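Asks: The listed protein sequences derive, respectively, from chains C and F.
Using the numbering used here, the first residue of the first sequence is number 1, and each one after it goes up by one.
Using the numbering used here, the first residue of the second sequence is number 323, and each one after it goes up by one.
These are computed hints drawn from the structure, not numbers from a lab.
One should not assume that every hint holds.
If you anchor each label on the Cβ, the simulated ranges turn out as follows [claimed, not checked]:
(1) C/7 - F/520: 40 to 50 Å
(2) C/260 - F/454: 28 to 38 Å
(3) C/240 - F/602: 40 to 50 Å
(4) C/139 - F/603: 17 to 27 Å
(5) C/71 - F/520: 48 to 58 Å
(6) F/600 - C/136: 20 to 30 Å
(7) F/624 - C/275: 55 to 65 Å
(8) C/27 - F/454: 57 to 67 Å
(9) C/259 - F/524: 18 to 28 Å
(10) F/454 - C/273: 26 to 36 Å
(11) C/136 - F/525: 47 to 57 Å
Taking lysine to any residue pairs in the SDA-like style, the calculated list, with each CA pair at most 20 Å apart, reads [stated by the list, open to error]:
(12) F/522 - C/265
(13) F/516 - C/260
(14) F/516 - F/495
(15) F/522 - F/366
(16) F/584 - C/219
(17) F/584 - C/259
(18) F/584 - C/258
(19) C/256 - F/582
(20) F/584 - C/212
Small disclaimer: the values here were computed from a predicted structure and weren't measured.
Glycine is no exception: its CB is placed at the ideal position from the N, C-alpha and C atoms.
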Amino acid sequence: MGLLEVDRLSVGIGRLTLLEEIAFEVDRGEILGLVGESGSGKSLTALAIAGLLPLIGARVTAGAIRFDNTDLTRLDESRLRKFRGRRIAFITQNPMTALDPLQPIGEQVDVVARLHLGLTADVARSRTIEILTQLRIPEAATIYRQYPHQLSGGMKQRVVIAMALAGEPDLIVADEPTTALDVTVQAQIIHLLTSLVRERGLALVLITHDMGVVAQCCDRVAVLYAGRLAEQQGVNALFATPAHPYTHALIDCIPKDGMARDSLTGIAGSVPSVAHFPPGCRFHPRCIGRQSVCETNVPGATALPGGVVSCHFPLNGDQRHG
Amino acid sequence: MADATNLLVIDRLTKRFDSGAGLFAPRRSMTAVRDVSLAVSRGSVVGVVGESGCGKSTLARLVLRLLEPTQGTVHFDGIDLGKLAPRDLRKARRRMQMVFQDPYSSLDPRFTIEQVVGEPFTVQGEVLAPGRIAELLDQVGLAGEIARSYPHQLSGGQRQRVGVARALALRPDLLVLDEPTASLDVSIQAQIIKLLQDLKRDLGLTYLFISHDLGLVRYFCDRIIVMYLGAVVEELPSPSTEPRHPYTRALLDSTFSPDPGKRRHLASLTGEIPSAFNLPKGCAFAARCSRASSRCLSERPSLTMHASGHRAACFHPIADDEKEPS
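Extracted from the complex, chain F is given alone in its bound form:
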């Protein structure tokens, strides 16, 4: 049954990876995504933010079913993607496309741009209308002559535009954007974000935007999901919502404001992300958290509602009237 408000509904999604036992190494398993639920309403931009190893890219791949989940479901436009036969899954996939992080490795170096952008039509067995490639290139702000070039002849920004054009080729409803600007200069990043905003408005697209940059996510997204070591630690209903979770606060304090008058005490967080192979029993963030108590070490906090749409998984959330720690 189609859902009128939500285009994408992820319910208690879990992905565990098992490493094969080697001659000397015992079998180990790690949970890359643990019990993640989220809904993306039609026409909105939901941001998933976190540092390396937080499971955001795995989540993106689970959504498009490039990976099989260990548990949980993904509903796209009311369809349970897990129940689809391969043929039907391919049909559903044309409505959901991905833009990858690295425009250098995500384009086949032996394909011309025309072939790159035309490939989705071949995969879907669809006739490529004359002029469609030029139209797509134009949509992403590239000159038609580029069609006969090879990826190595283009700049990073142009390549990422090609990646967006390829994703748009089959007129999808949902784009999953996995760090689409992480390998670009800030000036080019801003160009690509502007392009994505224009395309969303013109084509009525819905985005799941994955990034490590909370500043960028707060600028671009309607709702924000913060992940740490595979789990959602906070869900912000709007980009301006004040965080309750100390990790979100620390991420915010680590963004570099382009204002020398507002110099922050930058290193608010010590230590680094622990290995996902040995997750602590309690809160995964406790070892780096200045607010951690003994309870945080023994018990794992679950997401609790603080206000409408605002949930945080923390035993000692930051209160409204609390100033940020200096």
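Okay, chain C solo, but in the shape it has when bound:
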């Protein structure tokens, strides 16, 4: 049983269903990659875990989000606060907007520990400097007093990670934590997150659209498409034998060493918006293997050895390079 279990979660806004029966789990010491294109429902899933759906006027319509055997969807705001920021921490995409420009960064990290762990200002301060040092921020005591605009993008993202760690969480949900960063810095941050998981036994849900990032650090992968789960597998199986044509296509979007010119074709079309979800399998208009049943019938979940796929005609290993 995982630390976090998202169990047939559906999310709606008014009469529209944004997410439908999303299911995955992640355990301590494990990284789950949540992938898909923009509009597939990745960030919405993160909002649901955070209990922040009311901010956008959405709500959980079915299913459960169980964290350490507590269903977060049934908690009221005051009880939810004992989890959010404390046992479950969040890292957002853009470190430039996650920090208050008018407050020294050290104090922004302090406040998390003071609020959630009840530390005094002095203790919180020395702890913050300790965390900043562990995150390989040079001269942490000086950086502590600086304002966000004085730091580079990579440093700011480290500070956001420090804020996440300050509450001593068991689970971190990171929503595209490196997209705003340079490539060499991106590699450093991914490396840092990975070592936190391995060394401290944290659980990490890593949201990304980049299959390269997934291949390099995740243990399990859940692929979302237009608000539904397309496939879930262990990372090696997913890349070796993707079962959903969408997964296969996403992997093929990344240029590989020695790849012939013209072999990169992308996925035709784009993710439909929620008001225009097609009937049947939502991926069928973009799928090269579609048949008439795909246009009318929603595919059910089929078990794979160590995973699950929702497709009428899942790929087997032989078709992978076809």
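Chain C is fixed; fit chain F onto it per the hints.
Replies: Same frame as chain C, now just chain F:
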């Protein structure tokens, strides 16, 4: 005089920006592009790769003369663009067009797509042939009905196709592509790259392709220029050439291979790019480089030839038989 092989020749191009002295701030200057030379042969794709602040976008703007260089020349099809009168420059510009990074801000929100794609004709005082807009939209894989839409009604990928259609409107020879896929999903990025490859083949275009993604550049380009803090650090004659410069090696190690069986030690490079306002005296990369010696701190390496077309600016280049550092 026209050059038979090269469509674009950039010679020792330098661009310095001076920040105005404020009430309390002293006047400062930074060199965004320093002494950059490169040639783009007809029908080829040359990639310029580097991280933020390396000067690649400034270089793109210098090529099209959207910025005046401090020093150096740009020859397009044998014509020195610096010597052209404004009228002649406008004529030359129709043969060289740019596709911008952000398809959200590079399209006027109050223009219909028809107006966006038709604008180059107005600028050049040219008659817009009936059916040309539809033809251009078709060329970039868009349905004709889109002509009457506004940018906000389109997806990011569709918008970038419009950006390409606008660039193609006057039948240019050279496209300068400044991170044309950086703000798109990987699935859409691959679509746009495929489109650019098809257009190049069908229309005989030449590309200068600017990107931060070495993996993508190695897939798409014939030759690669690697820039760091305003200067060229390495020139690779082919996408498969093994890098000699430690920075190129680090960029390569930072690309995420979509193969969980080949997990790399990712963080091969520590630190971040220093400010261009206080460039170190020696090699700009020395502070982050594991191979740096005292010479690298005091002396700036110049580009040296290692093999035909392969140049690197490094005192301690990676040798052929050397394994990548683990």
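Asks: Against each hint, give a clear statement of whether it holds in the structure.
Replies: So, going through the hints one by one against the coordinates:
Hint check: residue 7 of chain C to residue 520 of chain F, Cβ distance near 45 Å, so the stated range 40 to 50 Å holds. Taking 28 to 38 Å as the suggested C-beta distance range, the pair residue 260 of chain C and residue 454 of chain F conforms, at roughly 34 Å. Under the hint 40 to 50 Å, the C-beta atoms of residue 240 of chain C and residue 602 of chain F, about 46 Å apart, fit the expected range. For the pair residue 139 of chain C and residue 603 of chain F, the beta carbons lie near 23 Å from each other, so the given range of 17 to 27 Å is met.
Range check, residue 71 of chain C to residue 520 of chain F: about 52 Å between beta-carbon atoms, so the 48 to 58 Å window is met. At about 23 Å, the beta-carbon gap between residue 600 of chain F and residue 136 of chain C stays in the expected band of 20 to 30 Å. In this structure, residue 624 of chain F and residue 275 of chain C meet the distance hint of 55 to 65 Å, their C-beta atoms being roughly 59 Å apart. Hint check: residue 27 of chain C to residue 454 of chain F, Cβ distance near 59 Å, so the stated range 57 to 67 Å holds.
Restraint check, residue 259 of chain C to residue 524 of chain F: a C-beta distance of roughly 22 Å satisfies the suggested window 18 to 28 Å. Take residue 454 of chain F and residue 273 of chain C: their Cβ atoms lie about 31 Å apart, and the range 26 to 36 Å holds. Between residue 136 of chain C and residue 525 of chain F the C-beta distance comes to about 49 Å, which sits within the given range of 47 to 57 Å. Distance restraint check for residue 522 of chain F and residue 265 of chain C: the Cα-Cα separation of roughly 15 Å lies within the 20 Å cut-off, and the hinted pair is therefore satisfied.
This hinted pair checks out: residue 516 of chain F and residue 260 of chain C have alpha carbons roughly 12 Å apart, not beyond 20 Å. Taking the CA atoms of residue 516 of chain F and residue 495 of chain F, the gap is about 19 Å. The hint holds against a cut of 20 Å. Distance check on the hinted pair: residue 522 of chain F and residue 366 of chain F sit about 9 Å apart at the alpha-carbon level, within 20 Å; holds. For the hint pairing residue 584 of chain F with residue 219 of chain C, the CA-to-CA distance comes to about 14 Å; that is within 20 Å, so the pair holds.
For the hint linking residue 584 of chain F to residue 259 of chain C, the alpha-carbon distance of about 16 Å falls within 20 Å, and the restraint holds. For the proposed pair residue 584 of chain F and residue 258 of chain C, the alpha carbon gap of about 15 Å is at most 20 Å, so the pair holds. A hinted pair counts as satisfied when its Cα atoms are at most 20 Å apart, and residue 256 of chain C with residue 582 of chain F qualifies at roughly 13 Å. Restraint check: the Cα-Cα separation between residue 584 of chain F and residue 212 of chain C comes to about 11 Å, which is no more than 20 Å; the hinted pair holds.
Every hint from the earlier list agrees with this structure, and none is contradicted.
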